[in-house]
Every structure is written in C-alpha cells, then in structure tokens.
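Peer 1: Order-wise, the sequence lines are chains A and B. Numbering follows the UniProt record's numbering, with no gaps: position 336 of the first sequence is 336. Numbering follows the UniProt record's numbering, with no gaps: position 337 of the second sequence is 337.
What the hints contain is simulated information worked out from the structure, not anything from laboratory work. Take the hints with a grain of salt, since some may be wrong.
[What the hints assert, rightly or not] Cut-off 20 angstroms, straight-line C-alpha distance, at most; resulting in silico cross-link-like pairs (EDC-like, lysine to aspartate or glutamate):
(1) B:Lys2 - A:Glu51
(2) B:Lys27 - A:Glu11
(3) A:Lys154 - B:Glu215
(4) B:Lys399 - B:Asp143
(5) A:Lys157 - B:Glu391
2 protein chains.
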Amino acid sequence: MKAEIIAVGNEIVTGHTVNTNGSFIAKALQTIGVMTYYQSAVGDEQASIQEALELALRRSQLIVFTGGLGPTEDDLTKEAVCRYLKRPIKESVDCLLGMQNYFNQLGIEMTDNNKKQAAFPEGAYLLTNNHGTAPGCILKVEDCFIVLLPGPPKEMKPILEGEVLPYFQKQLKKGIYTLDIRLMGIGESALAEKIAPYLGEFTTVNVATYVGNYEVIARITGQGKTVKEAKEYAENMKNKLFSCLEDYIIGYNEDSLEESLLKLLQKYHYTIATVESCTGGLLAGTLINCSGVSAHYKEGFITYSNEAKEKYVGVRTETLCLYGAVSRQTAKEMAEGVKAKANAYIGLATTGIAGPEGGTPEKPVGLIYVGMAIGDETYVEELHLSGTRQEIREQTVKKTLHALFKRLRQI
Amino acid sequence: MKAEIIAVGNEIVTGHTVNTNGSFIAKALQTIGVMTYYQSAVGDEQASIQEALELALRRSQLIVFTGGLGPTEDDLTKEAVCRYLKRPIKESVDCLLGMQNYFNQLGIEMTDNNKKQAAFPEGAYLLTNNHGTAPGCILKVEDCFIVLLPGPPKEMKPILEGEVLPYFQKQLKKGIYTLDIRLMGIGESALAEKIAPYLGEFTTVNVATYVGNYEVIARITGQGKTVKEAKEYAENMKNKLFSCLEDYIIGYNEDSLEESLLKLLQKYHYTIATVESCTGGLLAGTLINCSGVSAHYKEGFITYSNEAKEKYVGVRTETLCLYGAVSRQTAKEMAEGVKAKANAYIGLATTGIAGPEGGTPEKPVGLIYVGMAIGDETYVEELHLSGTRQEIREQTVKKTLHALFKRLRQI
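For reference, chain A alone in the conformation it holds in the complex (with noise of 0.2 angstroms):
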C-alpha cells in the first residue's frame, strides 16, 4: 500500500506555515507499516485540490489530506474531493450533536458556518474530533482510501492515532513494531557501518538510521502475523545492536537526553546544581524540563559577570586574572563551587565564548568549557564548536548533558 499526503492551505503552500503535519503523518503510517511515496501542498482552491486527488489516484492507494476542513469559505477540500468523485454530501445527525455538545462545555453558540461541518460524503466513515470542531472520514473509492484530516496539529494528531492507524491496521492483517534506538557520539554514516554486519540476517527486521537534534537514531522494525511476533523480531535486532552501539546510547524510543540522564540521578539518588556563563540558564531550563526533577536539581545560578562568579560560587580572583572567565580552570572552580554552594553532588558548570563578538585569536568564539565536579573528582571538558550564538548555546546544554550521562553510566 503505496501512501501519499497532501496538505491544503494557503498557509502552507506560500510558506508561512512549515509542513510539519507531513512529516508526522508519514512517520505515523511507517509505525503500521505503509510507506509515503509522495508528499504536497496546494492552495485553498477547488482546482488545486482536484488536480492533486487526481494524480494520487493514479499512483496511491492511501491518500491522506489535512487541512481545508474548516467553518469558513476558504475551508474547501470536502466540497473539492466530493464534486471530483461525484459523491453527494449528506449532514450527519450523529455529528451535529457531537458538535453540540462540543460548543456547549466551551459555552459558545454554534453558528451556522459550523454546521457545514457536520455534513458528510455518503458512505464515509467518520472520525471524532474531540479537540475542534472540524471532524475528519475515510472513503474508499474503488480499491483506494481516502482520508480526510483537519489540518491544526492538535487536531489531526489525536485522530491520527487514535482512529485512523487502528483503522488501517485492522485492513493490513500484519503486526508492524518499531523501535528506536537514540544515540549521541556518533555521525550517521559511522552508525550505518557499525549497523551493516547485522542487517541481512533477518528479513524480518529493518534497520534505517536518522538525523534527529543533536542526536542520530537507529530504527527497527519488525514485521510479523501478529504484533507480538512483529516485537520479538525487533527486540532481537535491538539486543544484536546493543553490544556494538552501547557507547553511544542514550535512550530510546521519545526519551530525550534529559530524562536519560534523570533515570541516572534518580537511579544513584544523586543531587544536582549547575552554575552557568555561555548557556546563561539554559542548561537548567533543559534539566527541569522533567518532571520529577524537583527531588534531585537543587538550585542554580547564572553568573555572566566575573563578580557574579566569585560572588556566587567562590571563583577565585586570581584565577580569573591569571586565565580568564573562559579558561580550564575557571570552569573546574565554578563546578566545585556550586557543587560545595548547594551542598549537591554533582556540580555543573558550563563557561564560554557564544559569539558573535567577544572571540580572540587564542580564544576564538565557540571555545567552552565544561566543568563537573562528581563527588571528590572534577573533570573539565574542551569544546569547539561553531554555528550562531544560538546554535552554540545550545550545542553546549546538549554536549554538557552527554559528557555527564557518559560519566554517571560509567560508574
């Protein structure tokens, strides 16, 4: 089953708007198994949407639109789709009262423009939206599927997911389980040949690796009669893999470096504080984005001025003097001071050059250091990096977590 989307809007198609409903629609069908062979975005014109359905017609056999559902007279991919296949459009009932209720619990009156939603092609299948008014349906025409999605993220997700994959994984007959594998430390093409000695041995099993932030993922999936078989066919690979990739593992599936590295602190009941120049807050702005961090983070400083630094977390002056804020061993005493300052166990702390002023020629923009104090050993890292004063900041918040994680999972 060959699938292809096409999103529907103004919006997307000048630009103002990123597609990302594409890429999370393609990934979605990749998790049953259906591959995305063609992705586009028209306008809000009738043309446009027909010209479209016509070529996928031709070419797929899964077409998904999102977008063009709405109240207004720009939303038109319902009344584009139908005139093309000649289908009449029939009010629901069932609908109209779901709306109902919907605009009631918001308190709103429903205005008429509404009700062109709850109006149907014959014979679709429809899909509840309970977070908007506008309700997505599937259509089979002939030995093809069409399916209609609202096109706001918040939307079209919960659908997606929680109608329209079972729907089609119900049609397929076949258990599909995928798995990622995330990592840090390693390019994707090093990671494609570390991987290449165990693709291969399975014909069950698929490896593809991706760039993701920062980070590159390694992706399973099995395929089987059943989901349980699809699983134990990805679970193998994963365990072939581990003995290969472990060094540079650092979660798996949606866990984010951050909450990898929570599991460390909550697994060795360790506390945490971190002290910060170049990242200027975000390192913990990344740390306490999870929850149940409070039992371990304890408090944090951001000290961009050298007075701050001795103020704070007891850099000495003759230190800053002798080598600078952005030096070895600012950043060892920074780690150590916090760590002492907050009476934690680990110390973090991160120094640097974010640019796009301030470099030297012996210390360049992209020069950081990181500092961690880990109960009685502090280790210091060197880092250069380039990009925008954004980019290296955040490069830094996510190099300092790894160098962390990778010291915590030694121990």
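Using the hints, position chain B against chain A.
Peer 2: Frame of chain A; chain B shown alone:
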C-alpha cells in the same frame, strides 16, 4: 510568474526530516513578488523526480528543486532533470577548481564521487556553493526557469539569498519591499478586523496576517516600478497601521521580543536580574540569547526549592508557609529580593505549576505568577496557561518578557 517547489529526498518524503526548505524558499520568493502555488516532495528516484518535473512544467514558470545534488548514488536530481529534458551534462572546469579549493581548505582529499558534482546541464547558469560541495544551477527551458539547489539548509539558504533572488529580481524588472510588524497580545482574527479599514486604500500595497511562535505578524508588501517606490508604499501603510496596533507591537522584521526588550534596557541604561522557579533558567536563557546583553544582565538564580528561595533572594519563611511557593506574595518577594541581591534596577521572577504533576483544585497546573520589581514599584501578574510542561514553561517565558516590555514601553 507562478512558482513551484519540489523537495527531493527519501528522508523528506518518509517524514524523518521536516521539509523546512519548502517554507523558507516560498517565503523568500514572495519577497521579490513571486508567489508559490504548489509544493511537493518525492523520493530519491529518477522516475518520481521526472513525474514531478513534467507536472510542474505544465503549470509553473519557476520550478525550484532542493536536494539530491550530493556526491552519492542516491543523489539523482541533476541526472533525472537532464535526462527528461534531453540535455547533455558537461563538466565545468571552473567549478572543479572551486571544489578543489574547498577541499584543500578543509584538508580533505577530493574523491571521484565529488567530481560528479562539478558536471552541469549544458547552458546552465552556475550557482556557487561556499558552504558545501554541491553547487546549484539555473536552467532556462522555453518560458520556464528550473533552479537546482542543494538540500542542506545551511548550503541552500546562502545560494538562494545571495544568487537566486537577485537573478530573478533582475528578470522581473519590478520593485518589491516587504516589512513585518510583529505583535503580541492580540489574536489573528482580531488583528484582521483592526486592519480591515486600512486595506483597499492602496492598490500598490497588500497586508497579510500570519501566526508565529506565540505572536502574530502583519506582513506589508509594497510593489512599484522600483524598490524605492515599493518601500515608500510599504512605509506609508506601516505608519497608518501603527496608530491602531501600537499597543501590541513588539518589533519589526526579524526583531525578537527579547531583542526589543534589550533595546529598551539599553535606552534607559537599566540593569536586570532574574530568579526562576517553574521556568528554571529558560527566562534568563532566552534573554541572554541577545548579543550585547552582558552590559545589562547582572545575574540569575534558579530557586526550584523553597529553601533556595529563602537563601538566595530572601523570600520570608512566613510567606512560603502562609501563601505557598506559587502565590502572588512569593512572586513579589522573589522579584524584590533578586533586585536587591543583584543590585539591579529590575528584578524579574517566575513561580508556578508547569505540571504534569503538582496541581491541586485551588492551584491547578498552568497557574503562574510573574513578579516584576522595577525601580520602586513591584507588579505581579497572574497567568492561567495550558499545554504540556514544556509549552507552559515556554509560554511563561514569552508572557513574562512581554509583560516587562509593556511596562518599560510606558515609561
């Protein structure tokens, strides 16, 4: 001139990379008055690329391909386009020398694969790539232009902005000038209503509204015989809109909220310090994203625990016992405390419940207090937000910076 954008790459069509290039190119073309009507994505396959090209040649006059120009066997865009057009591919000596230089600089040896990248369709106008090994080109086919650009955004963007846009601006012989007004505290439909009376006055200027990241944008596009004339039309409209939008404006064009805020701090020579509970460093992290902030940002504290709130910014034990950490009173004492401790003119504080745990019927998830101590006055704002933990924290940062921006603008 109707434009169409075709992204080539398996990683795009399967959703593992979000197609941000499509949005970027469409917006860039609009700045020179060229509207995009169609976008699509196809995999790394000659037949798919050619099918997309055939359709595009029937309906568009400017076809922009992005991706598939790399050195590997998967990179097929140039070959597919040339085969379809029956144009021979020839090696460019200049381009080969340029690539040799690029590799020399990096100290890497050039492979035979890379040489493939120096071959171009006969008669093509070459586009130099200073950030990678895959140069682009422009082909003229009867009344239609075909542009081939590399896929990686950091290579594609400089070529598009530095070479492609000027090339077509020359072809079009008209002047276009766009200007964005960035607004917060107003929704898109309320914005559309406010500006409606001013539209229709000019035939030479157009205003469109867009939703950005926690903000809305009014984009003014002037069009004239020259850029100078177009700019006059756009500036006139900006002045007209200013009177009705003044309260909501946070900046123009690429100005971010934090940059606009920094400009006010610079104007008044104010210093600022932060203390954060629920935002845990993100507030400072956002503010410090502005280059030049170091002269105004004094220091910051992340006081996640009650103990830290008392120890570092002097919140009283009674206040915490009587009203709790998430309260108007605590926010006030935090703001005043950090202002005094850091000897700053402004103290900014956040405390709230970001969730998903920790909410109660009296203090639900999403309840946030923002404290602002400015000179001798202290203000506290109560927010009720919804979303995931991360969304609530990000919204808190935006709304806190906006609240301070509004206060300072009134001075």
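Peer 1: Would you mind marking each hint as holding or not holding in the structure?
Peer 2: Against the structure, the hints:
no.	hint	result
1	B:Lys2 - A:Glu51	holds (16 angstroms)
2	B:Lys27 - A:Glu11	holds (10 angstroms)
3	A:Lys154 - B:Glu215	holds (18 angstroms)
4	B:Lys399 - B:Asp143	violated (50 angstroms)
5	A:Lys157 - B:Glu391	holds (17 angstroms)
The structure is inconsistent with hint 4 alone, although it conforms to all the rest.
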